[in-house]
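Residue numbers for the sequence shown follow the numbering used here, so the first one is 27 and each next one is one higher.
Do not take every clue at face value.
Stated by the list, open to error - BS3-like, lysine-lysine: derived pairs with alpha carbons at most 25 Å apart:
| no. | residue 1 | residue 2 |
| --- | --- | --- |
| 1 | Lys85 | Lys160 |
| 2 | Lys85 | Lys29 |
| 3 | Lys160 | Lys29 |
These are calculated hints, taken from the structure and not from any lab test.
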Amino acid sequence: MAKILPGSVSSILNYDLTRPAVVSNFITGIDPSYLSSYVAHYVTRNPWLEFWGNLPSGKVAITERDSPSSAFVDSEFYNDWLAPQRHMGAATGIKIDLAVRKTILVGWNYDVESAYGYDAQAAAILHGVRSSFKEAAQAAHILGGRLERKIRLGQLIRHIDGAAILVTRNRCIREANDRAATAFDEGNVIGNIGGRLTIRGAGYQARLDEMIQRVLDRGETEQTDTFIIGEHVVGAVVTAAPTLEAGENSLLVPPAPLALVVLKRLAGGSVGLDDTSLRAAYGLSAGECRLCGLLLNGYSIAEAAELLGVTEGTVRQRVKMIFQKTGTHRQGELVARLAGFTTAVGGLGCEHNAPIWE
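Using the sequences plus the hints, can you model the full thing?
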């Protein structure tokens, strides 16, 4: 394509337009540093993506006719990324939808001055080959799905100390170890509903979703949080699962990335606090220690206020003071810190770092 129209840039990109992000790319005629900066930063600032995203699948579009770059000359994308590359200011392309997070854009960029002569030629050629492009993209989609099903990390997660579950971005379960299977059967904390990982409590579900997205979509190494679910104080860790070692960068539609979710019990049942050690470590008062004990055992602010015989406002002020003394910023973080000062008082009678399911 690049040879047919001298000075042009030809590209095939797999986009996740919901973020937006580039999943994979095949481009010729662009400086590698500009490509890297686009993938890392400017893709989220590209005004053209809204135009392309609204096109029907299989549609051939011409930007100078349908969405000229002159319409966003004041944008960061235009001034910092597009304008320095004069041979990218106009384009003709095809959009091919494969799935919600998989959109293929076949693009042919060239400078605006060449658009008058290039637009019609590029559009005619793309119209002629769009069926072949669509069939090739669908085949790549099938290949990526088959590779995804072949990825098995059972040996890795089998010996993890806790309930370990491999999930996709939308919590579809790919694998789970024996402790997770036991937890699913019990249904006290997590569940397997229609092949998707669920966790009790709408608020906790949203927090787990955010952790998974931060790891898979934003490239963060690890996310941790603490959930208080009934009698259970549960620590959650989310990391990116290992991917294919070879060839993954050469796939137009690579296997979906997986997140490894590990859940461990920090405390459960009736849990007491070692007040002496807690007061020595953080200088808490006896009243603050008692409030910490209630929070650790899953009582809400309102319930703690009723048990202590004070107003909710007073409890919130005490919690703020406890945050300050312990160097924490939210209740889940505080509970995780308090778990290091627990003493078993019955119930499950486990140590704070014991597996959640044995």
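How the hints compare with the structure:
no., hint, in the structure
1, Lys85 - Lys160, "holds (11 Å)"
2, Lys85 - Lys29, "holds (23 Å)"
3, Lys160 - Lys29, "holds (22 Å)"
Comparing the model with each numbered hint stated earlier shows that all of them hold.
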